[in-house]
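Just need the whole structure built from these sequences, with the hints factored in.
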Amino acid sequence: MWKPFLYQHIVGGIIFIIGYLLYFSKTDKTLIRAQGRSIVFYPLVAFVFYFLINLFWMLWATGE
Amino acid sequence: MNNVTQLGTQLDYIVIIFYFLAIMLFGSYFGRFTTTTKDFFFGGQRFSWWLIAASCVATVVGSYSFIKYSTAGFNFGLSSSTGYLNDWIILPFFIFGWLPIIYYSRTGSIPEYFERRFNKNVRLMATIIILLYLIGYVGINLLTLGVALTKILGVPLMPTVIIIAVISGIYLHFGGQTAVIFTDLLQAFILVLAGFLLFGLGIYHLGGFNQFFGGLSLIHKMPLPQYNSPHQFSFVGLFWQDAIANTTAFYFMNQGVMMRFLSLKSVHEGRKAVTFVVIVLMPIAMIAIANGGWLGRAMVANGILPPDTSPNDIFVTVANLVAKPGIFGFIMAALTAALMSTVDTLINAISAIGVNDIYKVYIKNDAPDKHYLKVAQWIAIIASLIGVLLVPIFNSFNSIYVAHAMFTAAITPPMVTVIILGAFWKRFTPTAALATLGVGSLFVLYSLFEPSIITPFSHGVSPEGGFKYMRALFSLVTCGAVAIIATYFTQEKKDIDGLVIDSIHKGMEIFKGSKVNLAPSKPIKCKLALSKENKEAHIELGTALADKLKINIGDMIYIRDKRWWYGGLKSAQGKLNALNNTEEVLLSKDLIDYGRLNINEEVVVEKIL
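From first to last, the protein sequence lines stand for chains A and B. Numbering follows my numbering, with no gaps: position 19 of the first sequence is 19. Numbering follows my numbering, with no gaps: position 212 of the second sequence is 212.
I should point out that these hints are in silico values taken from the structure, not numbers from a laboratory. Here the structure is a predicted model, which means the values were calculated and not measured. Hints are not guaranteed to be accurate.
[Unchecked claim] Straight-line distance between alpha carbons at most 35 Å, and here's what the computed DSBU-like set of lysine-lysine pairs gives:
#	chain 1	residue 1	chain 2	residue 2
1	A	26	B	506
2	A	29	B	525
3	A	29	B	548
4	A	26	B	515
5	B	38	A	29
6	B	360	A	29
7	B	364	A	29
8	B	515	B	570
9	A	29	B	506
10	B	360	B	38
11	A	29	B	370
12	A	26	B	493
13	B	515	B	527
14	B	527	A	26
15	A	26	B	575
[Claimed, not checked] Using C-beta positions, here's what the derived DEER-type ranges look like:
#	chain 1	residue 1	chain 2	residue 2	range
16	A	55	B	162	24 to 32 Å
17	B	601	A	40	35 to 43 Å
18	B	600	A	51	49 to 57 Å
19	B	283	A	18	23 to 31 Å
20	A	40	B	453	16 to 24 Å
21	B	521	A	40	17 to 25 Å
22	A	1	B	497	45 to 53 Å
23	A	36	B	106	20 to 28 Å
24	A	55	B	601	34 to 42 Å
25	A	36	B	536	30 to 38 Å
26	B	536	A	51	48 to 56 Å
Where is the CB? At the ideal position from N, CA and C, for every residue including glycine.
Spelled out as structure tokens, the structure:
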């Protein structure tokens with residue numbers, strides 16, 4: 001029952017994190033600093049939002 | 001598929017015809033904002049994030065979406081929404097890498113990026129693949145809508161398709177990207193409103209939310225499909241094909257979407273737009289398009305619809321059942337809106353590739369911009385025509401959903417692999433890119449004839465359906481392997497500043513033409529005046545205002561009408577040429593005319609770079 005949820009957030013999460021790692025390891029540090037924290041948070045907000053939505057949806061659907 | 005069974009009333013037909021005319025006139029109005037190819041393809045690079053976000057959603061939602069997701073919703077329940085709720089996975093790649101790369105490199109098309117990043121051969125191959133991808137999408141969208149409208153209008157498929165193509169072709173011919181953006185904004189509103197109207201009426205018809213949720217089984221209530229069965233709707237299949245391959249293709253390879261983001265006034269606006277799309281608009285759109293199927297399932301459970309109701313017809317069946325005369329027409333108009341807003345984007349994209357990657361490269365490369373604008377407008381008409389001609393071909397497939405899946409699964413993985421590695425791996429070589437497109441495509445084609453080769457990647461999905469959805473994982477792995485192996489045996493390309501994530505900062509400098517000014521500042525309001533300097537594209541600003549904006553001479557500056565709801569339609573952008581002692585921003589006449597700004601009125605001024 002929970003396998004798709006785990007797969008989505010573990011495998012999807014790894015791909016998601018690779019996107020962050022590429023940004024921090026390859027982009028010019030002065031540019032990262034100048035662009036500020038807000039753009040770093042944009043994708044993170046999306047991840048947390050969908051993780052919580054799916055989690056509560058699973059709990060509701062399974063009645064747990 | 002083509003059985004004609006007339007639904008709806010006269011009032012419904014009037015609503016649909018009125019909608020057709022209104023959208024054609026509305027779109028054509030924006031022809032006045034299109035005077036150059038930059039306007040036609042990129043809307044003059046001036047729009048605000050919310051406008052692009054809304055129009056993007058209308059592009060995502062094709063007419064096939066209502067049919068496809070309602071059918072999936074009927075068969076598999078709420079998990080039919082998964083395709084709209086998993087875009088977050090590739091969001092960092094888009095926001096941090098691809099968006100700034102294409103924006104700052106001033107790339108006009110994805111094939112053009114391929115030539116600059118790799119070489120001419122890769123560009124040619126990409127041009128062919130992307131044109132197939134786009135034209136195929138036009139055909140599929142036209143077919144789906146034609147099939148749906150045939151049911152209610154009682155006319156044969158082809159005349160319906162031709163009418164829709166002519167309407168889209170006309171407003172696109174005149175208005176280009178600006179017409180696409182504004183008609184898509186309107187159509188996004190219509191299709192979401194109609195979707196929620198259907199949902200509300202359906203719940204009312206059922207007798208409340210308790211009857212609705214009570215009519216759904218446990219499996220139908222789950223947010224995600226079952227792990228590896230059934231083969232035509234398994235979680236892993238959708239994860240690799242939809243969340244990874246198709247979503248990446250949509251944001252990275254779809255020329256129309258790329259052009260939409262290039263029409264924004266800045267990269268930061270693009271980041272806001274895509275985040276808003278993923279977090280807010282996609283869930284809303286998902287409910288709007290899939291609820292017909294969920295309602296249908298609950299109606300079967302409550303005895304309102306017979307158990308043998310056809311899943312493929314569920315959207316139209318539910319809409320006809322619950323909607324009153326006039327409202328049914330409005331819902332069908334939304335279906336049309338979904339088609340037009342997708343097709344216009346695709347046709348505009350075909351036009352851009354036709355001009356940038358075929359006409360300019362192989363036919364005429366030294367003509368004035370007016371000439372290319374005319375060519376672009378005519379390619380839009382020709383692309384509409386080709387889309388219509390493709391409809392009978394696609395109609396020969398038994399299932400639109402399967403046809404669409406096979407098409408995208410076959411051509412997207414090699415392109416997606418090359419785009420991602422090209423943008424994020426400096427070492428990735430032109431020869432490797434060519435090998436990935438060529439050899440990678442051969443692997444994908446081979447797997448279509450010999451699906452058993454996909455078994456090691458199947459995650460236990462039954463081979464019954466030929467691994468249609470697991471092919472994406474197989475293809476991405478094989479294309480990735482070809483790309484990596486070929487890279488280590490071939491020579492990397494030098495001089496690719498601004499075209500890979502490692503050198504975005506340099507790309508910004510190339511974009512601006514000098515060192516970038518990244519000092520944070522907020523937009524300010526001030527009065528607009530006409531510059532006395534007899535120069536073109538001249539911008540002056542009061543010294544005190546410049547201090548507030550932390551802007552220097554030579555920096556990029558954006559001036560827009562103070563009314564936010566224009567979304568940047570009335571705006572101009574350029575470089576700050578001089579400072580003065582006034583409290584105003586002064587523009588040359590050409591910029592004021594181009595931006596349709598009013599002298600002596602208050603405007604909003606912003607530093608871009």
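Each hint, compared with the structure:
no.: 1; hint: 26/A - 506/B; in the structure: holds (13 Å)
no.: 2; hint: 29/A - 525/B; in the structure: holds (32 Å)
no.: 3; hint: 29/A - 548/B; in the structure: holds (26 Å)
no.: 4; hint: 26/A - 515/B; in the structure: holds (20 Å)
no.: 5; hint: 38/B - 29/A; in the structure: holds (33 Å)
no.: 6; hint: 360/B - 29/A; in the structure: violated (38 Å)
no.: 7; hint: 364/B - 29/A; in the structure: violated (43 Å)
no.: 8; hint: 515/B - 570/B; in the structure: holds (28 Å)
no.: 9; hint: 29/A - 506/B; in the structure: holds (13 Å)
no.: 10; hint: 360/B - 38/B; in the structure: holds (15 Å)
no.: 11; hint: 29/A - 370/B; in the structure: violated (42 Å)
no.: 12; hint: 26/A - 493/B; in the structure: holds (18 Å)
no.: 13; hint: 515/B - 527/B; in the structure: holds (28 Å)
no.: 14; hint: 527/B - 26/A; in the structure: violated (42 Å)
no.: 15; hint: 26/A - 575/B; in the structure: holds (29 Å)
no.: 16; hint: 55/A - 162/B: 24 to 32 Å; in the structure: violated (48 Å)
no.: 17; hint: 601/B - 40/A: 35 to 43 Å; in the structure: holds (38 Å)
no.: 18; hint: 600/B - 51/A: 49 to 57 Å; in the structure: holds (52 Å)
no.: 19; hint: 283/B - 18/A: 23 to 31 Å; in the structure: holds (25 Å)
no.: 20; hint: 40/A - 453/B: 16 to 24 Å; in the structure: violated (41 Å)
no.: 21; hint: 521/B - 40/A: 17 to 25 Å; in the structure: holds (20 Å)
no.: 22; hint: 1/A - 497/B: 45 to 53 Å; in the structure: holds (50 Å)
no.: 23; hint: 36/A - 106/B: 20 to 28 Å; in the structure: holds (24 Å)
no.: 24; hint: 55/A - 601/B: 34 to 42 Å; in the structure: violated (50 Å)
no.: 25; hint: 36/A - 536/B: 30 to 38 Å; in the structure: holds (35 Å)
no.: 26; hint: 536/B - 51/A: 48 to 56 Å; in the structure: holds (52 Å)
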